[in-house]
Amino acid sequence: MNNIKTIVLSNQEISPGYFRMKILAPGYNKLASPGQFVMFRVQRSLPPLLRRPFGIFRMGFMPADCDNMPPKEFIELIYKVVGSGTEIMQGLHQGDPVELLGPLGQGFDLGEPDEEKILVGGGIGLVPLYMLAEKMVDNSNVSLLMGGRTRDDIITVTEFERLGVGTYVSTEDGSLGEEGLVTRVLERKLEKSPHATVFACGPMPMIAAVQKICLQYDTPLQVSLEALMACGVGACLGCVVKGAGHTDVDPHYLCTCTRGPVFKAEELDWDKDEMTVRTSGGCR
Amino acid sequence: MNNIKTIVLSNQEISPGYFRMKILAPGYNKLASPGQFVMFRVQRSLPPLLRRPFGIFRMGFMPADCDNMPPKEFIELIYKVVGSGTEIMQGLHQGDPVELLGPLGQGFDLGEPDEEKILVGGGIGLVPLYMLAEKMVDNSNVSLLMGGRTRDDIITVTEFERLGVGTYVSTEDGSLGEEGLVTRVLERKLEKSPHATVFACGPMPMIAAVQKICLQYDTPLQVSLEALMACGVGACLGCVVKGAGHTDVDPHYLCTCTRGPVFKAEELDWDKDEMTVRTSGGCR
Amino acid sequence: MMSDDKIIQPSLAVEIAGLKLKNPVMPASGTFGYGEEYSRYLDLNQLGAVVTKGMSLHPKAGNNVPRICETVSGMLNAIGLQNVGVDAFLEEKMPFLQRYDCPVIVNFFGNTQDEYGEVAARLDDVPGVAALEMNISCPNVKHGGIIFGTDPKAAFAAISLVRKRTSKPLIVKLTPNVTDIQVTARAAEDAGADALSLINTLTGMAVDVKTRKPRLANVIGGLSGPAIRPIAVRLVHQVVQAVQIPVIGIGGISRAMDALEFLIVGAKAVQVGTANFVDPNAMATIIRGLEEFCRDEGVADINDLIGSLEL
Amino acid sequence: MMSDDKIIQPSLAVEIAGLKLKNPVMPASGTFGYGEEYSRYLDLNQLGAVVTKGMSLHPKAGNNVPRICETVSGMLNAIGLQNVGVDAFLEEKMPFLQRYDCPVIVNFFGNTQDEYGEVAARLDDVPGVAALEMNISCPNVKHGGIIFGTDPKAAFAAISLVRKRTSKPLIVKLTPNVTDIQVTARAAEDAGADALSLINTLTGMAVDVKTRKPRLANVIGGLSGPAIRPIAVRLVHQVVQAVQIPVIGIGGISRAMDALEFLIVGAKAVQVGTANFVDPNAMATIIRGLEEFCRDEGVADINDLIGSLEL
Ligand SMILES: Cc1cc2nc3c(=O)[nH]c(=O)nc-3n(C[C@H](O)[C@H](O)[C@H](O)COP(=O)(O)OP(=O)(O)OC[C@H]3O[C@@H](n4cnc5c(N)ncnc54)[C@H](O)[C@@H]3O)c2cc1C
Ligand SMILES: Cc1cc2nc3c(=O)[nH]c(=O)nc-3n(C[C@H](O)[C@H](O)[C@H](O)COP(=O)(O)OP(=O)(O)OC[C@H]3O[C@@H](n4cnc5c(N)ncnc54)[C@H](O)[C@@H]3O)c2cc1C
Ligand SMILES: Cc1cc2nc3c(=O)[nH]c(=O)nc-3n(C[C@H](O)[C@H](O)[C@H](O)COP(=O)(O)O)c2cc1C
Ligand SMILES: Cc1cc2nc3c(=O)[nH]c(=O)nc-3n(C[C@H](O)[C@H](O)[C@H](O)COP(=O)(O)O)c2cc1C
Ligand code: FES
Ligand code: FES
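Residue numbers (our numbering), protein chains in the order written: chain Y, 1124 to 1407; chain W, 1124 to 1407; chain D, 2 to 312; chain C, 2 to 312.
A portion of the hints provided could be inaccurate.
Said to hold, decoys possible - With a straight-line cut-off of 20 Å between C-alpha atoms, the simulated DMTMM-like cross-links for lysine to aspartate or glutamate are:
| id | chain 1 | residue 1 | chain 2 | residue 2 |
| --- | --- | --- | --- | --- |
| 1 | D | Lys211 | C | Glu298 |
| 2 | D | Lys211 | C | Glu292 |
| 3 | C | Lys211 | D | Asp181 |
| 4 | D | Lys143 | C | Asp181 |
| 5 | D | Lys214 | C | Glu298 |
| 6 | D | Lys154 | C | Asp152 |
| 7 | D | Lys61 | W | Asp1341 |
| 8 | C | Lys61 | Y | Asp1237 |
| 9 | D | Lys211 | C | Glu37 |
| 10 | C | Lys211 | D | Asp126 |
| 11 | W | Lys1315 | W | Glu1295 |
| 12 | D | Lys154 | W | Asp1371 |
| 13 | C | Lys211 | D | Glu292 |
| 14 | C | Lys154 | D | Glu119 |
| 15 | C | Lys61 | Y | Glu1282 |
| 16 | D | Lys214 | C | Asp181 |
In short, the hints are calculated from the structure, not lab data.
Using the sequences provided together with the hints, build the complete structure.
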């Protein structure tokens, strides 16, 4: 875990409103595990004041520029433009200075080899699942159920396929893949593979629905959550979610940044639908 | 007077720390007169919150792109990077959106034709004098006394020469022209031309010294002043200077933005040296 | 929404203390001069109202310079309430405003209770003056310079007196620099205010670390601009709950979104201050933005938004 | 300056209530966890002191979410003083801090006078606890939830009690949400505080205009960050003039320049809050910046800067 001042290597729109940013990130390949995140800062700029949390989509090494130089390490973020911070991010160019705090948080538990793995991604929620798939695909049967509102929200599925992941796409408007919610696909899938483990990331209503289904099939579930974060390191206590056993009289909160962002379903309190991140759009 | 949303045409460093920015500015050639200024805003960015005042260095028309189009009108600013706003300005590129409120304020009184005119510019204070020279050079003998701390502060003198203005350069460290203060050059000049009119713009100590000299030689003087400005249009009353006859008991303030920035020396209160703009550097 | 439900032209009109406004947007006193200064950039007839620079019985020269200073997302000012005085205002400034079809709200202040009363009286029968806005963030020279607005008793007394001397709608403008604004708000209501406006600036200070001098000649000034908005929204929320009379929200508004925060917590109208300096067209843009928001959200009448906060 | 006058290594050491600090920079409570959270990013031994998250007698779960929200150049928080409780702190968190050569200041609070006293007592003989910082911005449950810090009498009583129960240097942390901070400051001094720290957050609020809900579950939260700095500088300036005891300046500090404003108006030290979130290295950069400033300006001892404001 580190705070590094670094630079953008590339930043491209990959689907309307979705951008993919490659950042020079020495040390990450050794440190980061699937499901972890970074706190990203556009240097010197204010607003935004606070850093923004982003999952790590992928990491790797760039070919060295010349023989004597070590290859350059990078990470890739994929982000959706939703507010003031991501609006500024989309304007960044190669060479622009940025800061990364990370890798942060607890990632996915990879589970047992050979066990079947089902990844469920909703829109931008797909991001943390790619590195997870990379790690698991060698010794497990991995499939990805990818959902979105329209085909614009279906991103990087080909890359999962290239890994050897079986993919199923659904969109709410039917503009790509099956028409409907990804959770319907999940139900069908679990009918056939009740002993799989599910890994889900996406909007809160999707995650809540996935949890209900997994409970019903008694399938182990890990979810990656979003929360408003100020520090990302457990210092501000701003990012909590309700843990299992939470009641109003005896509240029980867990920091998403240090205990998560990935939780086992049983660690969380699923009674309340307030568990949603009330996102903002407008805190200029 | 207008508020226009427009774009940068070019932005280049012309001497260390000094930039010249060309901006598309429909209407300015008809409206603006020498000594007027604009309130400049880097669009959508915050900070800086407030607009920044800048004199108009020059205006003109760019050759039309094609036959049916009217030629493009532009203005040029020259600015010195001193703080948060000008730091952002130096990063602007061709095509970047900006806003101009202007032309604002009272410019120079051109005086009588044939009368000798002496322009005194200190560093960036040179800016409003160029358009003034342009207007006067046809029917008056115009000379420019240009001073700065080092040769880096001596800008655009060649352009004045090209107009037919006689120029005298002095620097405090002797790195260009005569070594010493520009006011010494002015004294020598006034010995020879006591009936000239003087037009001065520069740092406050320079202006104060010029005023003393002109008083001594009984030479008419117009000065262009700087003041901290919020609105530029007379609404905030933030930009006042002490007018002639000002006393603590009976204060008399004039708005620099509407009654100035150019004042005749006799309109102002020269007793107090507090008349300086306490500039900032740090109001991030 | 179904397409035949579509709101073509949402109504933005609001009413404050009997005053009918085309829309809830007006300038904040001291940031719009006497109206004339901005009339080249903005059609005053678009505005809900015009609010003038604060007026006193006698002309006031204001403070020494520097009077302003930019801060992070805000600015400090210590103008010192410079103004031409109520008589010159009526003679030189009011005729210009009377040409417009836009209610004129005259902001005023005094250093004593009697001065407050006297200015109000002089404005009472002036045609075109739609309402008075009484600025109580002014030092009470009779009582050791304590600000009227921070002392509920002094505020009550001054407002009661003014109430007697004017038949115009009386808006009292509150200062945020108090422990409990609900107390001042209730005092103002009890004294006969028809409406409240808030907030005035928060007191602040900045130092030039190189010269070790305050950045303002007056040392302390008033903080305004986007930086203070969360404080202003909180105070308006609290005042709305404390009084029956309408409230006008002020503080850091520069976009329609910002204005909406105030309306949703219960302000009947808003004033735009510092944002005018940044963009002379800010109020027109805000008005358009409110209209758009209502249209997008299916709100036929902006009054339906006012106080719609869900707790 | 002549070259042989050149200051090679300016002294940044300051003393507050008998406490010797390497330099005047420490974190603000609640923005630095229990120290451990940031120890990977910053060598705690560099700091003037460490200040812990606020501690109460019993563990506190904190408020419902959302607890934070970004505002223009600032943020609102309504964490609800979540903490592990003083006993768990001593057992689980303090041992880590004791390993460092850096004074530990423990921030604490209570809902009643007695709770304040009890926490102070438990911390009294703990080795490594260099001083206590008493947060009086806490609702007084015995007196209808009015904040201790907004009621000088309640503050005086609670501080007097705590004073009796601790022999450690006692710093009292003031709330800015008052009409006259000099009154609270004097009450704290009279009650036996050894030093004052200010400001805590300003109360604020933000609304999501789409959902019409407050952005914080608690509706109202505390505003911090660069936006509030001018208000904080003003309050520190006023408090320094009102009391004899040393003052620690807090509010919107993110650069050495910001810290210098507070030192120049008379703060003996500063606390850095929200800026830690933005840059875990902020305090180290500020310390370096202070050193550089002293060197550039020919200041051999930072104490010569403290209170050097020229009026
Ligand atoms: C662990 C984690 C991983 C994430 N990974 C990704 C990712 O890979 N790709 C991606 O596009 N987004 C991701 N998000 C969401 C992303 O952080 C927000 O979309 C982003 O912060 C929005 O910033 P903004 O300034 O554009 O929006 P604004 O609405 O202007 O932001 C205002 C404030 O709200 C916060 N905020 C707004 N939306 C969210 C949100 N959904 N979650 C958390 N904070 C929010 C911002 O951080 C900021 O503090 C992740 C969030 C978390 C917690
Ligand atoms: C009528 C007029 C004409 C000017 N013409 C020019 C010009 O042609 N070229 C040029 O380089 N500069 C000119 N200036 C000065 C220019 O406005 C400032 O240098 C600029 O505002 C600094 O902004 P900043 O954000 O970089 O500095 P900061 O120090 O960060 O600015 C903080 C605040 O102080 C104000 N400020 C700082 N310095 C000055 C100053 N010297 N005068 C007025 N306000 C100041 C800023 O506008 C801003 O509000 C002119 C000023 C005036 C009043
Ligand atoms: C330069 C300036 C001058 C002001 N003068 C007055 C005044 O004369 N009377 C008054 O009641 N308020 C005055 N104010 C306060 C504003 O009306 C308003 O309450 C405050 O600026 C907050 O709004 P804003 O954040 O939108 O600027 C002034 C504010 C500024 C910035
Ligand atoms: C998330 C957060 C939690 C805080 N918790 C506490 C606390 O427990 N006790 C306390 O005295 N102050 C607390 N504060 C207030 C800070 O210590 C500080 O006074 C305030 O944030 C202003 O400083 P800043 O602008 O540098 O952040 C907290 C502030 C924040 C942002
Ligand atoms: S984001 Fe600060 S504790 Fe999790
Ligand atoms: S800058 Fe506002 S009155 Fe001159």
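Here is what the structure says about each hint:
no., hint, verdict
1, Lys211(D) to Glu298(C), "holds (8 Å)"
2, Lys211(D) to Glu292(C), "holds (14 Å)"
3, Lys211(C) to Asp181(D), "violated (29 Å)"
4, Lys143(D) to Asp181(C), "holds (19 Å)"
5, Lys214(D) to Glu298(C), "holds (15 Å)"
6, Lys154(D) to Asp152(C), "holds (19 Å)"
7, Lys61(D) to Asp1341(W), "violated (34 Å)"
8, Lys61(C) to Asp1237(Y), "violated (44 Å)"
9, Lys211(D) to Glu37(C), "violated (36 Å)"
10, Lys211(C) to Asp126(D), "violated (44 Å)"
11, Lys1315(W) to Glu1295(W), "violated (23 Å)"
12, Lys154(D) to Asp1371(W), "violated (33 Å)"
13, Lys211(C) to Glu292(D), "holds (14 Å)"
14, Lys154(C) to Glu119(D), "violated (39 Å)"
15, Lys61(C) to Glu1282(Y), "violated (46 Å)"
16, Lys214(D) to Asp181(C), "violated (24 Å)"
Consistency note: the structure conflicts with the earlier hints numbered 3, 7, 8, 9, 10, 11, 12, 14, 15 and 16.
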